[in-house]
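When you get a sec, could you build the whole thing from the sequences and use the hints?
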Amino acid sequence: MSEQLTLPGMEEGGPAPPRPRPKPILRPRRAFNLFFAIRPAPDDALTLEALGHRLAQAHGMRCKPLAAGRLHVSLHNLGEYDVVPPGLIRLASLVADGLAFPAFDVVFDHAMVFRGRGTPYVLCSSSKLEALDTFHLELGIALKNAFPLLDVKRDFTPHITLAYKGRLGLVHSIEPLRWSAHELVLINSHQGKTVHEVLGRWPLRGQPGLAF
1 MSEQLTLPGM EEGGPAPPRP RPKPILRPRR AFNLFFAIRP APDDALTLEA
51 LGHRLAQAHG MRCKPLAAGR LHVSLHNLGE YDVVPPGLIR LASLVADGLA
101 FPAFDVVFDH AMVFRGRGTP YVLCSSSKLE ALDTFHLELG IALKNAFPLL
151 DVKRDFTPHI TLAYKGRLGL VHSIEPLRWS AHELVLINSH QGKTVHEVLG
201 RWPLRGQPGL AF
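All residue numbers for the sequence shown refer to the UniProt record's numbering, where the first residue is 1 and numbers rise by one.
Derived from the structure by calculation, the hints contain no laboratory data.
Hints should not be assumed to be uniformly reliable.
Distance condition first, Cα-Cα at most 20 Å in a straight line; then the derived SDA-like pairs of lysine to any residue [said to hold, decoys possible]:
#, residue 1, residue 2
1, K153, R117
2, K153, A142
3, K165, R62
4, K64, T194
5, K165, R117
6, K165, Q191
7, K144, F156
This is how it looks when you write it as structure tokens:
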């Protein structure tokens, strides 16, 4: 009779040794990411860019703040594509054409670093932003009606990314910063190339403005 080999420290018939966990498979990012967003007016964006530099330096971070032209608050994502379907752009534009919403203020009063891809260093709010939340909801409903298969997210944490490669665990308050959202934009992000191509703009009523 042949002998059965038993590993040291294991009794015959005992549990099998645990298998090593497979490494997670990271899905490669596609060339383009299409999304709706609001953006600060150009002068406000320059102020925010300068703030990003000051805060990064003050908190000892070596991250490079984003350029003013890339600062935005993401609302709803329409997916990643190697080639953006022209029909998708047309239908998304029709959705935006049908919205009627006044300009509204956005107030951020603290900064933190999110976990996840790139560990973004962001500005956000400690209180609920009623107008922005309502706008996000209304846009989401309109998109779901137009794109029944689209994964429209109801959860929403309004924020504007100032930089990437932030220091995890960093959370701090800032002087309340107020700016006015005065247009909705459809952005095609050329991923890995730091390019935000604006495919459409839809003005909201009101005038932009930023104050501390």
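Which earlier hints can't be squared with this structure? Every hint satisfied by this model.
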